[in-house]
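J.: Sequence:
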Amino acid sequence: MAGADGGQSDTQWCFSQVKGAIDYDIAEADIISTVEFNHSGELLATGDKGGRVVIFQQEPENKCLGFFCRGEYNVYSTFQSHEPEFDYLKSLEIEEKINKICWLPQKNAAHFLLSTNGMSNGRTSCLS
Numbered sequence: 091m092a093g094a095d096g097g098q099s100d101t102q103w104c105f106s107q108v109k110g111a112i113d114y115d116i117a118e119a120d121i122i123s124t125v126e127f128n129h130s131g132e133l134l135a136t137g138d139k140g141g142r143v144v145i146f147q148q149e150p151e152n153k154c155l156g157f158f159c160r161g162e163y164n165v166y167s168t169f170q171s172h173e174p175e176f177d178y179l180k181s182l183e184i185e186e187k188i189n190k191i192c193w194l195p196q197k198n199a200a201h202f203l204l205s206t207n208g209m210s211n212g213r214t215s216c217l218s
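The sequence shown begins at 91 in the numbering used here and counts up by one.
Calculated from the structure, these hints are not laboratory results.
There could be a bad hint or two in this list.
[What the hints assert, rightly or not] Mimicking BS3-like on lysine-lysine, the simulated pairs with C-alpha atoms at most 30 Å apart in a straight line are:
#1 139 <-> 187
#2 190 <-> 139
#3 139 <-> 180
#4 187 <-> 197
#5 180 <-> 190
[Stated by the list, open to error] Simulated restraints, written as ranges between beta carbons of each label pair:
#6 200 <-> 178: 30 to 38 Å
#7 197 <-> 118: 32 to 40 Å
#8 209 <-> 122: 13 to 21 Å
#9 117 <-> 202: 24 to 32 Å
#10 131 <-> 181: 38 to 46 Å
Yeah, the Cβ is synthetic: ideal placement off N, Cα and C, and Gly gets one too.
Construct the entire structure; sequences and hints are all you get.
T.: The following block contains the structure:
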C-alpha cells in the first residue's frame, strides 16, 4: 500500500473476524452501519442496523510474520443502544440503526461513548 509520501507503508488491513455466525443468510439488523476507534486505538466500537453496539479491545501482543505485524481485536462488550420507536407528534417511525459513534475524551479509567440513531442519543460507559 502506498503511503501519503508516495513510499510504501507497512500497514496492511485485512478482515479476519465476522460479527456473528458465518452464514450466507445475513439479517438486515446485523449489517454494520458505523465504526469508530477510540483515541488510543485500543478499543473499536461498531454499530449496526439493529441498534446494537459491539466494542472490541485490541490484544496486547501483536502477531508478527516477517514484515507484517497485525493486532487482533476481540469482543470486549456488547449492548443494545437503541430500540425502534415511534414519534407520535410527527407520525414518524424512528429506526434503531446506529448512524454515528463518538468516543469522549478519557478523564479516568472509564471509557465513554455516544451513539446516535439520528433522532436520539445514548451515552455509555465502559470500565477498563
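J.: It remains to establish, for every hint, whether it holds in the given structure.
T.: Here's how the hints hold up against the structure:
1. A threshold of 30 Å between alpha carbons decides the hint, and for residue 139 with residue 187 the separation of about 4 Å falls inside it, so the pair holds.
2. Taking the CA atoms of residue 190 and residue 139, the gap is about 11 Å. The hint holds against a cut of 30 Å.
3. Only pairs whose Cα atoms come within 30 Å are accepted, and residue 139 paired with residue 180 is accepted, the gap being roughly 22 Å.
4. A hinted pair counts as satisfied when its Cα atoms are at most 30 Å apart, and residue 187 with residue 197 qualifies at roughly 29 Å.
5. For the hint linking residue 180 to residue 190, the alpha-carbon distance of about 23 Å falls within 30 Å, and the restraint holds.
6. The hint said 30 to 38 Å for the Cβ distance between residue 200 and residue 178, and at roughly 36 Å that hint holds.
7. Checked against the given bound of 32 to 40 Å, the beta carbons of residue 197 and residue 118, roughly 37 Å apart, stay inside it.
8. Distance hint check for residue 209 and residue 122: the Cβ-Cβ separation is about 20 Å, which falls inside the suggested range of 13 to 21 Å.
9. Take residue 117 and residue 202: their Cβ atoms lie about 29 Å apart, and the range 24 to 32 Å holds.
10. The hinted range of 38 to 46 Å is satisfied by residue 131 and residue 181, whose Cβ atoms lie roughly 43 Å apart.
In the structure shown, no violation is registered for any of the earlier numbered hints.
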